[in-house]
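Engineer: One letter stands for each residue in the lines below.
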Amino acid sequence: NAGVTQTPKFRVLKTGQSMTLLCAQDMNHEYMYWYRQDPGMGLRLIHYSVGEGTTAKGEVPDGYNVSRLKKQNFLLGLESAAPSQTSVYFCASSRQGHLNGDTQYFGPGTRLTVL
Amino acid sequence: GDSVTQMEGPVTLSEEAFLTINCTYTATGYPSLFWYVQYPGEGLQLLLKATKADDKGSNKGFEATYRKETTSFHLEKGSVQVSDSAVYFCALPTYSGGSNYKLTFGKGTLLTVNP
Numbered sequence: 001n002a003g004v005t006q007t008p009k010f011r012v013l014k015t016g017q018s019m020t021l022l023c024a025q026d027m028n029h030e031y032m033y034w035y036r037q038d039p040g041m042g043l044r045l046i047h048y049s050v051g052e053g054t055t056a057k058g059e060v061p062d063g064y065n066v067s068r069l070k071k072q073n074f075l076l077g078l079e080s081a082a083p084s085q086t087s088v089y090f091c092a093s094s095r096q097g098h099l100n101g102d103t104q105y106f107g108p109g110t111r112l113t114v115l
Numbered sequence: 116g117d118s119v120t121q122m123e124g125p126v127t128l129s130e131e132a133f134l135t136i137n138c139t140y141t142a143t144g145y146p147s148l149f150w151y152v153q154y155p156g157e158g159l160q161l162l163l164k165a166t167k168a169d170d171k172g173s174n175k176g177f178e179a180t181y182r183k184e185t186t187s188f189h190l191e192k193g194s195v196q197v198s199d200s201a202v203y204f205c206a207l208p209t210y211s212g213g214s215n216y217k218l219t220f221g222k223g224t225l226l227t228v229n230p
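Chains as they are written, first to last, in the numbering used here: chain A, 1 to 115; chain B, 116 to 230.
Please keep in mind that the hints were generated in silico from the structure rather than gathered at the bench.
Just so you have them, the derived chain A footprint on chain B, three or more residues with Cβ under 8 Å:
#1 157-170
#2 219-226
Under the rule of at most 25 Å between Cα atoms (straight-line distance), these lysine-lysine pairs were calculated in the DSS-like manner:
#3 57(A) / 222(B)
#4 9(A) / 57(A)
#5 183(B) / 171(B)
#6 222(B) / 171(B)
#7 222(B) / 9(A)
This structure is a prediction, so every number in the text was calculated from the model and none was measured.
Quick reminder that beta carbons are idealized off the backbone N, C-alpha and C, glycines included.
Just chain A, same shape as in the assembly:
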């Protein structure tokens, strides 16, 4: 099992450019998440999905869109990149969600720089 993989690992964009980050999981998990990690801010949830074909907003959704057309993939799009979106992006998945807490499995991250 590869677990959670993210593509690409690094990317440099110019302001206004668009890009899509791909997350794939091979564990048949229902839930998938996109986070961003910035110094001193911890992890902040951007968007998440509770199953194929669903998406929901997290804590910081503005400037991002997502799609979950297939259960194993969760795409994060930046339509018009801004320097404030320079960050490390992590994807995660979990089997399900409940208050007993299912373990989230994280990908290795994508380091994005917007100039």
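Add chain B to chain A, keeping to what the hints say.
Structural biologist: Coordinates of chain B only, in the frame set by chain A:
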């Protein structure tokens, strides 16, 4: 809303020193509590968890006890190693209706262990 607060650090220790990283939480009900660890250049991974009051989670020599009376879940290790150098995150599941379960993370505590 539900939240976690953890000491922000950074924490610098010598090898074989005792480690405590404080985490307190605010929650309705009694959700599970988690500690995740992020080693340099990697994504987060589950370190340990506890699912109910007075439960003790343990892994790799780390321990944390779910204390309902003090709403705390402090992480401890009796003798740290250089390989424990990482960022540690306290987390709890939160629920906002329907199928909307997610994890709320603390801001993370950077631990550096010197030989």
